Amino acid sequence: MPVDIDIEHVARLARIQLTDDEKARLKVELGVILEHAARVGEVAADHITPTAYAIPRANVLREDVPEPCLPVEEALRNAPDREGDRVKVPRITEIGS
Amino acid sequence: MTELCDLSGAALSAKLAGGEVSAVEILESSLGRADAIDDRVGAFLTRTPELAHERAEELDVYRATGAPLSPVAGIPTALKDVFTTNGVRTTCASRILENYVPPYDSTAWARLSGDGAVLVGKTNCDEFAMGSSNENSAFGLVHNPWDPTRVPGGSSGGSAAAVAAGEAVWALGTDTGGSVRQPASLCGVVGLKPTYGLISRFGLIAFASSLDTVGTLTRSVRDAATLLSALGGKDPRDATSLDGDRLDYTEGLEDGVSGLRVGVVAEASGEGVEPGVRTAVEAAVERLAALGAEVAEAHLPHAEYALSAYYLIAPSECSSNLARYDGVRYGLRAGGTHADSVAMMFETRGQGFGPEVKRRVMLGTYALSAGYYEAYYGQAQKVRTLIIRDYEAAFERFDVLASPTSPTTAFPIGAKVDDPMAMYLNDIFTIPANLSGMPAVSVPCGMDDQGLPVGLQLTAPVLGERTILRAASALEADLGLGLRPPILA
Numbered sequence: 034m035p036v037d038i039d040i041e042h043v044a045r046l047a048r049i050q051l052t053d054d055e056k057a058r059l060k061v062e063l064g065v066i067l068e069h070a071a072r073v074g075e076v077a078a079d080h081i082t083p084t085a086y087a088i089p090r091a092n093v094l095r096e097d098v099p100e101p102c103l104p105v106e107e108a109l110r111n112a113p114d115r116e117g118d119r120v121k122v123p124r125i126t127e128i129g130s
Numbered sequence: 003m004t005e006l007c008d009l010s011g012a013a014l015s016a017k018l019a020g021g022e023v024s025a026v027e028i029l030e031s032s033l034g035r036a037d038a039i040d041d042r043v044g045a046f047l048t049r050t051p052e053l054a055h056e057r058a059e060e061l062d063v064y065r066a067t068g069a070p071l072s073p074v075a076g077i078p079t080a081l082k083d084v085f086t087t088n089g090v091r092t093t094c095a096s097r098i099l100e101n102y103v104p105p106y107d108s109t110a111w112a113r114l115s116g117d118g119a120v121l122v123g124k125t126n127c128d129e130f131a132m133g134s135s136n137e138n139s140a141f142g143l144v145h146n147p148w149d150p151t152r153v154p155g156g157s158s159g160g161s162a163a164a165v166a167a168g169e170a171v172w173a174l175g176t177d178t179g180g181s182v183r184q185p186a187s188l189c190g191v192v193g194l195k196p197t198y199g200l201i202s203r204f205g206l207i208a209f210a211s212s213l214d215t216v217g218t219l220t221r222s223v224r225d226a227a228t229l230l231s232a233l234g235g236k237d238p239r240d241a242t243s244l245d246g247d248r249l250d251y252t253e254g255l256e257d258g259v260s261g262l263r264v265g266v267v268a269e270a271s272g273e274g275v276e277p278g279v280r281t282a283v284e285a286a287v288e289r290l291a292a293l294g295a296e297v298a299e300a301h302l303p304h305a306e307y308a309l310s311a312y313y314l315i316a317p318s319e320c321s322s323n324l325a326r327y328d329g330v331r332y333g334l335r336a337g338g339t340h341a342d343s344v345a346m347m348f349e350t351r352g353q354g355f356g357p358e359v360k361r362r363v364m365l366g367t368y369a370l371s372a373g374y375y376e377a378y379y380g381q382a383q384k385v386r387t388l389i390i391r392d393y394e395a396a397f398e399r400f401d402v403l404a405s406p407t408s409p410t411t412a413f414p415i416g417a418k419v420d421d422p423m424a425m426y427l428n429d430i431f432t433i434p435a436n437l438s439g440m441p442a443v444s445v446p447c448g449m450d451d452q453g454l455p456v457g458l459q460l461t462a463p464v465l466g467e468r469t470i471l472r473a474a475s476a477l478e479a480d481l482g483l484g485l486r487p488p489i490l491a
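One line per chain: the protein sequences are A and B, in this order. Going by the working numbering, the first sequence opens with residue 34, and the numbers climb by one from there. Going by the working numbering, the second sequence opens with residue 3, and the numbers climb by one from there.
Because the hints were derived from the structure by calculation, they are not lab data. Predicted, not measured: the structure shown is a model, and the values here were computed from it. Among these hints, one or two may not hold up.
Unchecked claim - For each label pair, taking beta carbons as the anchor points, the in silico distance ranges come out as:
id, chain 1, residue 1, chain 2, residue 2, range
1, A, Glu106, B, Ala268, 54 to 62 Å
2, B, Tyr64, A, Glu100, 23 to 31 Å
3, A, Pro89, B, Gly89, 31 to 39 Å
4, B, Glu256, A, His69, 38 to 46 Å
5, B, Asn101, A, Val61, 27 to 35 Å
6, A, Glu75, B, Ala417, 26 to 34 Å
7, B, Asp257, A, His80, 40 to 48 Å
8, A, Ala57, B, Gly272, 32 to 40 Å
Glycine included, C-beta positions come from ideal geometry on N, C-alpha and C.
Given the sequences, and given the hints that come with them, work out the whole structure.
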């Protein structure tokens with residue numbers, strides 16, 4: 034059976050504004066994809082260790098040496114909006130209560 | 003008529019070294035081809051003829067001093083538009099990065115550029131490399147040079163089409179679930195996905211970090227080996243990059259397949275494989291046997307679960323990686339006034355991402371959300387372990403595993419766009435090598451009855467690049483296909 038998903042909730046978590054059409058289509062499509070994907074549960078027994086990376090590496094370190102970094106102008110060149118040497122964004126605090 | 007741009011990188015490099023041609027002449031041939039046909043192919047999102055001319059002229063001056071040249075020097079090269087290029091727009095075929103001009107080079111491009119390769123442009127692809135037909139690009143279709151009504155495959159569709167049509171001598175792509183090998187198969191070129199971590203991912207705009215692999219698209223196996231030799235080796239800027247120096251992968255390339263143990267993957271020959279693909283692949287395996295390989299049937303019993311695991315792992319990692327596109331520091335910011343920054347992010351992401359990217363971000367967000375993580379992502383990671391064990395068992399008996407690269411040849415544009423599951427099945431034979439990190443190559447092995455190319459996939463254990471390149475080279479020499487797509491007629 035296709036999986037039933039709370040699309041509004043997932044879209045809020047993903048920070049994506051969706052149209053009503055998109056929500057309706059995604060609800061159906063994701064339900065079908067997840068039904069197929071859930072098959073992993075058929076063989077993934079408790080005693081099997083999960084793999085995050087096929088070629089695991091741990092504690093990859095390098096010398097802590099300062100290197101040149103991007104000049105401010107370069108770093109800000111792609112910013113959608115700026116004020117002085119800072120990126121400018123709309124209000125980030127909540128209004129009122 | 004064969005022109006300079008139709009030759010292999012190896013042939014061009016020899017001509018350059020021998021003083022028969024200049025880098026500018028080679029470049030002009032390649033640019034001329036793109037001028038003549040790219041309106042029918044659509045391989046490029048950005049072309050860089052002026053930069054390329056400057057580079058080729060510099061190289062000719064350098065060459066005149068008699069200094070030795072790298073085998074990649076002077077070769078017209080295309081990059082999938084997911085590799086950052088300092089000062090050259092890099093879009094990932096997405097509205098959200100439509101005007102992004104990176105201030106730095108990816109390591110892969112920095113290495114080729116440092117060796118004198120000439121960038122001719124950035125190629126079209128599926129948005130953020132998510133797709134198998136190039137139909138998910140925000141900036142238009144790519145047409146297969148073998149039949150312009152058909153897809154080139156994806157996601158590195160522009161790179162594969164550009165190389166097949168001579169618009170570039172070779173190209174880089176990326177392969178997260180088959181995105182180099184599948185388009186290579188559908189366009190009749192060689193597609194190599196090396197071992198995970200062998201080529202640095204620094205400056206490769208991330209899709210799914212535990213699977214993303216830089217790969218090459220070339221018209222010969224030797225050229226794939228040459229590019230890999232220039233690209234490999236430790237990069238301190240990528241913590242997952244493997245230790246070790248650059249190696250020369252052209253060594254031993256022509257040593258043949260005598261005694262090579264080839265396992266034919268039984269799970270990749272059943273239902274869903276087109277008859278034309280099956281016939282060509284079986285014939286190719288018979289040729290390997292005739293050349294001295296020992297051929298027997300191999301099994302990957304958990305392969306049937308690979309697609310399910312992939313469609314949990316890749317979207318989960320993608321939903322995390324693509325969180326950075328928030329309209330704050332770079333990329334698109336939705337216009338108008340916004341109540342606050344969060345409202346701006348919702349609108350920016352709603353406008354900036356296309357349907358497939360939204361689908362995968364939503365899928366991954368769900369799979370990682372509270373209450374579902376263990377059932378989906380956690381279980382998928384266990385399946386990944388089972389698939390690696392399958393390979394380890396198979397490689398006790400075999401040096402190389404053989405299968406079709408893709409169950410089909412190039413399909414008509416539009417045929418699968420409304421059915422995500424049907425589209426995802428294109429990658430069913432390529433995904434296991436990404437989950438296991440193992441190297442795999444797609445090499446042209448024949449045509450179906452519609453005159454469309456078929457690719458044979460050869461897979462080896464971790465760091466077994468030399469073995470699959472040697473086998474692919476033997477097959478290439480034996481078949482002598484001399485592929486030339488009809489668009490060049």
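Taking the hints in turn, this is what the structure says about them:
{"no.": "1", "hint": "A/Glu106 / B/Ala268: 54 to 62 Å", "in the structure": "59 Å, holds"}
{"no.": "2", "hint": "B/Tyr64 / A/Glu100: 23 to 31 Å", "in the structure": "28 Å, holds"}
{"no.": "3", "hint": "A/Pro89 / B/Gly89: 31 to 39 Å", "in the structure": "37 Å, holds"}
{"no.": "4", "hint": "B/Glu256 / A/His69: 38 to 46 Å", "in the structure": "44 Å, holds"}
{"no.": "5", "hint": "B/Asn101 / A/Val61: 27 to 35 Å", "in the structure": "34 Å, holds"}
{"no.": "6", "hint": "A/Glu75 / B/Ala417: 26 to 34 Å", "in the structure": "30 Å, holds"}
{"no.": "7", "hint": "B/Asp257 / A/His80: 40 to 48 Å", "in the structure": "42 Å, holds"}
{"no.": "8", "hint": "A/Ala57 / B/Gly272: 32 to 40 Å", "in the structure": "35 Å, holds"}
The earlier numbered hints are all upheld by this structure, with none contradicted.
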